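Construct all of the structure, not just a fragment, from the sequences and the given hints.
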Amino acid sequence: MKNSGKIITKDLNLFIGKQHILKNVNIVVPDNKITVILGPSGCGKTTLLKSMNRLTDLYPEMVLSGQILIDDKDILKAGAEVPEIRRKMGLLSQRPYPLPMSIYKNIAYGLKINGVSNHKELDDKVEYYLRLANLWDEVKDRLREPASTLSIGQQQRLCLARGLAVDPEIILADEPTSALDPLSSNAIEKQFVKLKSSYTIVVVTHILRQARRIADHIIFMYLGEVIEQGSANKFFNYPEMDKTREYLKGAFN
Amino acid sequence: MMLQNREIRRLRDRLNVSWMIVILAIVLFLPLLLGLGLFVQSGLLLKELSIWNVLFTSQWMPMSGKFGLLSFILSSLMVTVLSLLIACPVCLLTAIHLTQYAKRYVLNIMHPVIDILAGIPSVIYGVWGILAVVPLVSKYIAPLFGVQTSGYTLLAGAIVLAIMIIPFILNILIEVFRSIPTELTEASLALGATRWQTIKFVILRKGFPGIISALGLGISRAFGETIAVLMVVGNVAKIPTGIFQPGYPLPALIANNYGEMMSIPMYQSALMFSALVLFVIVMLFNLASRIAITKFETK
Ligand SMILES: Nc1ncnc2c1ncn2[C@@H]1O[C@H](COP(=O)(O)OP(=O)(O)OP(=O)(O)O)[C@@H](O)[C@H]1O
Ligand SMILES: [Mg+2]
Chain A
1 MKNSGKIITK DLNLFIGKQH ILKNVNIVVP DNKITVILGP SGCGKTTLLK SMNRLTDLYP
61 EMVLSGQILI DDKDILKAGA EVPEIRRKMG LLSQRPYPLP MSIYKNIAYG LKINGVSNHK
121 ELDDKVEYYL RLANLWDEVK DRLREPASTL SIGQQQRLCL ARGLAVDPEI ILADEPTSAL
181 DPLSSNAIEK QFVKLKSSYT IVVVTHILRQ ARRIADHIIF MYLGEVIEQG SANKFFNYPE
241 MDKTREYLKG AFN
Chain B
1 MMLQNREIRR LRDRLNVSWM IVILAIVLFL PLLLGLGLFV QSGLLLKELS IWNVLFTSQW
61 MPMSGKFGLL SFILSSLMVT VLSLLIACPV CLLTAIHLTQ YAKRYVLNIM HPVIDILAGI
121 PSVIYGVWGI LAVVPLVSKY IAPLFGVQTS GYTLLAGAIV LAIMIIPFIL NILIEVFRSI
181 PTELTEASLA LGATRWQTIK FVILRKGFPG IISALGLGIS RAFGETIAVL MVVGNVAKIP
241 TGIFQPGYPL PALIANNYGE MMSIPMYQSA LMFSALVLFV IVMLFNLASR IAITKFETK
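The listed protein sequences correspond, in order, to chains A and B.
This note's numbering numbers the first residue of the first sequence as 1 and each following residue consecutively.
This note's numbering numbers the first residue of the second sequence as 1 and each following residue consecutively.
Honestly, the hints are just simulated from the structure, not real lab data.
There is no bait here: all hints are sound.
Not everything, but these chain B residues come out facing chain A in the computed CB check (under 7 Å):
hint, residue
1, L184
2, L191
3, T194
4, K206
These stretches of chain A come out as covered by chain B in the derived footprint (C-beta under 8 Å, 3 or more residues):
hint, segment
5, 54-67
6, 75-87
7, 110-119
8, 154-167
The model shown is predicted, which means the values in this text are computed figures rather than measured ones.
We put the beta carbon where it would ideally sit given N, CA and C, even for glycine.
See the structure below:
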């Protein structure tokens, strides 16, 4: 049977020592939509996001069980193909972390890792993705400068371009606008809406208003559990659970 | 009352500030004074012989007025470079393993162990060098290359020195790698890079200024190390032509002879000049690594 959904988790549990961080998480992330993960601080949103591209491997103390299906394949069983699985998922973190190299190389790095070596092709792709992330005009004359000289908002767009350049199918964004000013936040939100026809986008956010603006689909978590999930319209207008209603009223903040 | 209190406090504040400036000045001027003192004391030698003659000839015959330091300088450089060649890969690989691959408790156990190793007095390393490293070189390593030697060689000195500076460099490198945010590793992995590619292209590059400074400090340390090296290196005043030859580093020269030859002013002056050379070279190493840091830090 073909599941409908780009990412599906089945009874996903995650422990750190005795701490139960993710509790029986069963979610469905639909294709070509913006799925927003909501929930109060510390409820496991970042951890859930990291488990989706196996970045939890970096923390030997984390123990996972259950399944995470991406295109119906369980990535928790993957071995040597992990880098390829990760490539399929662009990651945008809370604060931008440009690689310690030039603006140009920040984009070219992922391309080279994935086998592009032709100079012309590199140049073209760097330009293409910088344009896609709305950054080209601002940086085209300073491509050789260290990426750390960019403003934070520009760095975040660079990170977006860098992630898109390796041709992912999924974009995982963890509070991607929390370090940005309203204008840059807005630019990133617009990007997501523009990109969603070609990608599956998962965004973690604290900001309810942002969720209302961009979400098609909502996953609401509380203390490691998924309380409610479904279409954004239904979630905001006809929430089913008490916890959801409290959260929407701002009871947890 | 209040006012008085405040005035007292302001006075105390100002006193504190001026005291700090005095102390700072002393701390800053002390090395300068030291260098100047050595320079003045070297005057006698430099009046007789040209500086080039002293630095670039290798005949050391104090009784006949020949004070060529070249063999000592070269010995020092060779022992230092060799020890760094041994220590550098060991330190880099260990630091990378401990910070990137090992479970956290391993690092938590290793860190204090490394600290303790760094605190062992150097004479103990010297004794251990005589008991273990010298025989190792003469019985096992040298025969591998078809060489016969007593074991008191540059190589023995370099090995002992490497073992001494490894904990010192390792400690700095662990801090360097630990201070690199995990998010950077995550970013690289998320692009499809492997762990090793991430280390090679991102971690090592990000840590580069720190690595340079760790190695620079290691060099300064190794170059000036006296006792442990002196005990195993052979102390023969001849330009060494290979790692299985004995050497005679600058610090050993000074430590071995100072005090004995006070009656011969030229000799004393020559040793002072040796100290000055040592001082300047270590300063240059330090300066160079600092320049390297600031140059790469902007990236
Ligand atoms: N490496 C780790 N070691 C120990 N505990 C961790 C680690 N990572 C996360 N946790 C714990 O897991 C829980 C979930 O953390 P997570 O970062 O996923 O929350 P979050 O929902 O993203 O919160 P926020 O909105 O504040 O970012 C927290 O209780 C946190 O303390
Ligand atoms: Mg988080």
